[in-house]
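*Asks:* Listed below are the residues making up each chain.
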Amino acid sequence: MAAKAFWPVAIALILAAIGLTQLLANEYYFFAAYVVLQFVVLATAWNILGGYTGYVNFGSAAFFAVGAYCSVALIKAFDAPLPVLILAAGAVSGLIGLATGYLTLRLKGVYFAIATLALAIVLETFITNWDFVGGASGTFVLRPKEVWLFDSYIKFLFAVMMVLAVAAVGIARSIERSKLGRGLAAIRDDEVAAECMGVPTLRLKLLATTISGTLMGVAGAPYPYYVTYLDPLSAFNLSYAVNAIAMPMIGGTMTWLGPVVGALLLGTAQQVATVTISSELNLLIVGVMLVGFVILAPEGIVGLVRKTIRRGRRR
Amino acid sequence: MFTFDLLANAIVAGVLLGGFYTAVSLGLTIAFGRLDVVNIAHPAFVILGSYTAYMVNAAFGVDPVLAGLAFTPAFFAIGVGIYRVYHASFERRGDESLRGLAFFFGLMFIVEVALILVYGVDYRLVDAPYIGATVSFGFVGVPMRMLVPFALALIMTIALQQYFVRTFMGRAIMAVSQDRLALQLMGADPTRVKQLAFGIALATASLAGAMLIVIGPVEPSMGRLYIGRVFAIVVLGGMGSVGGTLIAALLLGVIESLTATFYGPSWAPAVAFGFLLFALAVRPQGLFGR
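Heads up: the sequence lines are chains A and B, in that order.
Mapped onto my numbering, the consecutive letters of the first sequence carry residue numbers 1 to 315.
Mapped onto my numbering, the consecutive letters of the second sequence carry residue numbers 1 to 290.
Isolated chain A (complex conformation) (with noise of 0.2 Å):
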């Protein structure tokens, strides 16, 4: 895509979700795509810090769910809109991410990785053992009756997953331009030249994991609205984790589009397999893609892709 084309390229991409909700009748397309572009901003927000940078958060459906658990917290205290849910959720998964981050990567990237995982059983522990949001039980959340310009409230999260999945790859896109995008780049490619070229890896490295906590978070807010019933099992479930780490690499990590395509491709796929065949079985065939991606064609399809065209040119 043209360096100039993508803002005017995601404004109507906007208009035209927002379009179809006022076209389609069908809920269930909305609902479907819902998932998927939860999914793009997931991978999006891992690949800040995981292909940027090099560090592999395991813990995605951790900051996930605590930004899913903020907004029912909201919506139970003080009964807050949904765009305040939105921004609480962001700031208190990204302080989650920094305080994890402040703690482990001063040492190898390693620790960082292992202390994710940790993490995510961490904070379901505390999410198990607040009655507040519903403990082990679980608990209901009621939607809004009514939204402006949409018909059912559905159509409204999905138009709102679209703004947050394209707010999540433009921000991804300008760090991967910016000054902040090569300094990343450069401690993924070798931390210690990095460090003695004065690039100051440790801020750099907490500005990524803050980046993308937040936008897990904002991922995860409003769930609850979307599913009316969340527990700690299905907020933390595993295959966040894992989808969120698949799609960058399967689609490719180097680039904005790669998590995109992986998001979106995968996405879709499971979307179709949940309905057609078992979800356990599509979540194993999951695991493969991903073990097999990361042997064969680490680069991801946008690499793969990008490997055929250049071949091509040179004949």
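Just so you know, these hints were derived from the structure itself, not from any lab.
The model shown is predicted, which means the values in this text are computed figures rather than measured ones.
Think of the CB as a built atom: it goes at the ideal place given N, C-alpha and C, for glycine as much as any other residue.
Each hint should be verified, as a subset may be incorrect.
These stretches of chain B come out as covered by chain A in the derived footprint (C-beta under 8 Å, 3 or more residues) [said to hold, decoys possible]:
1. 101 to 107
2. 226 to 240
Derived list of chain A stretches under chain B, where covered just means 3 residues or more per stretch with a C-beta under 8 Å from a C-beta of chain B [what the hints assert, rightly or not]:
3. 113 to 119
4. 253 to 259
5. 278 to 290
Chain A is already provided as a structure; the job is to place chain B on it using the hints.
*Replies:* Then chain B, alone, in the frame of chain A:
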């Protein structure tokens, strides 16, 4: 409510639990501490060990521990296979930190989902004559289902320790973790040594899995609970020290048991994370690190 009885029982239970944690962590002590292979799928393979023990026990009535022992060669072979793929795809390319981790994460996920597909999400348990029995020492009751894994874990720890110190191959494994290049200059192939060591690491998962299912019922996603624990133990134990692993595991076992007794069992998983963060933030070189 605090009583001396309760405290004594909690400490004894914690020590026994810690012994079992040693068995789960030893494989990772070798893989992560010695070989620098971050096998986050290790707990998942422990669960796989539980299920193989369960399968043999349910079908033939064989003692689960014996079944675990019988499966160690199979797990060894799986370990060798995994290491070969890992080495060829990631280690040689210098791509361990991102894709190598994702690889093990994928493996963990595949093992877990495959177990769910085959056995479902129900808890499974095994049958053995000693499982229901309890021995009492004064006011401290010791259930055999904890004592047997504890004793086995101690035997495993001592055997591995002796193997690393006394045998030729064991020393070669110690050498590869210290200086790969020097080992190569001595005419040994570090990849082959690491392959053997990783096989041993995975073989311990078979035995640890058998112990896990002797201790209590097992379901496929339980492995995740152990990830925080085992890494905390390995890091605090000093990254690769067998003795350190034992001490760190006992410590975690006791702290967890005390938390479960005095604050409630639903808080116990959080302890491991606190333990891990403490380890990473305060003493990343471990309790007995250089």
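*Asks:* Give a verdict on every hint.
*Replies:* Each hint, compared with the structure:
no., hint, verdict
1, 101 to 107, "holds (count 6)"
2, 226 to 240, "holds (count 5)"
3, 113 to 119, "holds (count 6)"
4, 253 to 259, "violated (count 1)"
5, 278 to 290, "holds (count 8)"
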